[in-house]
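*Asks:* For the protein sequence lines, the chains are G and L, in the order given. For the first sequence, my numbering assigns the number 1 to the initial residue and increments by one for each residue that follows. For the second sequence, my numbering assigns the number 1 to the initial residue and increments by one for each residue that follows.
Derived by calculation from the structure, the hints in this document are not laboratory data. Errors might be hidden in some of the hints.
[Unchecked claim] With the C-beta cut set under 8 Å, the calculated list includes, among others, these residues of chain L facing chain G: (1) Ala43; (2) Gln121; (3) Asn124; (4) Lys137.
[What the hints assert, rightly or not] Between beta-carbon pairs, the in silico distance windows are: (5) L/Thr92 <-> G/Tyr172: 29 to 39 Å; (6) L/Asn70 <-> G/Leu90: 22 to 32 Å; (7) G/Glu60 <-> L/Asn70: 39 to 49 Å; (8) L/Pro189 <-> G/Pro76: 30 to 40 Å; (9) L/Thr92 <-> G/Gly22: 28 to 38 Å.
All residues carry an ideal CB built from backbone N, CA and C; glycine is no exception.
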Amino acid sequence: MVNLEPTSPDAAQGLRGNIPQGLSVVLQRYWEVLDQVPDPEIPAISVVDLGIVTRLTVEEDGGVRVVLTPTFAGCPALRWMEKTVQEALLEAGAPSVDVQTTFENPWTSDRISEAGREKIRNFGLAPPPRRRPGCAGPDLEALALAACPRCGSQNTSMKSPFGPTLCRSLHYCFDCLEAFEQFKPL
Amino acid sequence: MTFSIPSNPLPRYLLQIADDQLVMGHRNSEWTGLGPILEEDIAFSSIAQDQVGHSLAFYEILHQTHGLDNPDQTAFNRPENGMLSSWLVEQTIGDYAFSLVRHWCYDQAVALRYESLAQIQDPNLQALAMKLRGEVKYHTFHAQTWMKSLLQGSEESRLRMLSALKEVWPLALGMFEAWPGETDLMQEPGSQGDPWYPGEKNLQNLWQTRAMESLASWGVEVEVLGLQRLEPVLGGRQGYHSEHLAPLLEEMTSVFRLDPQAEW
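Construct the entire structure; sequences and hints are all you get.
*Replies:* What follows is the structure in structure tokens.
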């Protein structure tokens, strides 16, 4: 059984989020708006939790500029996310919104916030292992050591590095005797 | 439908990478629904999706920085002789052994190209190469796992893999075909001051050394198999292709051609 209960706001409190500190009131508000825009493939987490918002600035004329970075280059949800980010900010009162997608601050799974990792676990997916110091690129040895998101057991085995979306791998838990998925480290 | 191949070495090189990824991605997507087991169906479909995504990222840079038409036009509105992909990627999928060996040969080469591109001075290309390199690590991991399993599996699986190796090898060597402008690009200093692009001969040697090491570790007697005596199949990097590319382009561009100016 997959636990689909949403995380209560209290549970997420105290966990490090991805909204920068010390922002102006206006910027803080826009970041909070984006923190409500769900990732279309894992709607339990926001695009801010996911760490794909790399820059948010307000121009002199009040126009908002947002820079996104894709999780995987072939992510089919990217255009959709650009659109929903733009719509959310316009609805929040931004006079104009410019959304760009670049690779200049490339995404890695370490960009997912602590709060986001917790939400991924509650959604029923194992969060990605953090990159070990000195390890360039995804740590594929750690990929095979996923802890079961249901029972926490490490007695698991990776069945395939490719799952139902580009960012998930397939695993099996020998204690639950159930399959599960992991958000892949990148 | 006219297209002039970029005369500057860097955009030409990037176009070769992009075209390989686009064509390989389309071929690999043909396994969707046909994989020998569900996990492999998903794996080839995911790899295909990555590859088409990688081609898009390069077409975008070619458009933004090097004056080529937008990615849709560049990908889908070119004559066959404007495509710079290798013969390896355009071959039909064959049986699973052929596709798997091709995937192994191809993604090992892509990993080497991205490793080298990550040393370029241009910060955008450098960031892109480092990003894509991480994704390809999953491809090479997948290919290595299955190559090992099937080469060390039953008598039948081993024979079929060895036969596929002999078939794929000359095509794989063709990935490293010399191209005009190559020696100029080899002079370009990278982010550390040294040239970042080693040239096709050096890439091929590196690729071949790694491949031979892996094969030997799986008990393949490379000498007996005669891989070293096989000659490369050339032409792709000059725009000359086998009979398999035209039908692929025909199918791949059929939706685009319904309305070439459509906004997607």
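*Asks:* Hint by hint, note whether the structure agrees.
*Replies:* Cross-check of the supplied hints:
1. For the restraint placing L/Ala43 at the interface with chain G, the shortest Cβ-Cβ distance is roughly 4 Å, inside the 8 Å limit, so the hint holds.
2. Because the beta carbon of L/Gln121 sits about 15 Å from the nearest beta carbon in chain G, more than 8 Å, this interface hint is broken.
3. With a cut of 8 Å, the hint placing L/Asn124 at the interface with chain G holds, because the nearest CB-to-CB distance is about 6 Å.
4. Checking L/Lys137 against chain G: minimum C-beta separation of about 5 Å stays under 8 Å; hint holds.
5. Under the hint 29 to 39 Å, the C-beta atoms of L/Thr92 and G/Tyr172, about 34 Å apart, fit the expected range.
6. Checked against the hint of 22 to 32 Å, the pair L/Asn70 and G/Leu90 passes, with Cβ atoms roughly 25 Å apart.
7. Checked against the given bound of 39 to 49 Å, the beta carbons of G/Glu60 and L/Asn70, roughly 31 Å apart, lie outside it.
8. Our hint of 30 to 40 Å for L/Pro189 and G/Pro76 holds, since their Cβ atoms are close to 38 Å apart.
9. For the pair L/Thr92 and G/Gly22, the supplied restraint of 28 to 38 Å is violated, since their beta-carbon distance comes to about 58 Å.
Hints 2, 7 and 9 from the list above are not met by this structure, while the remaining hints are.
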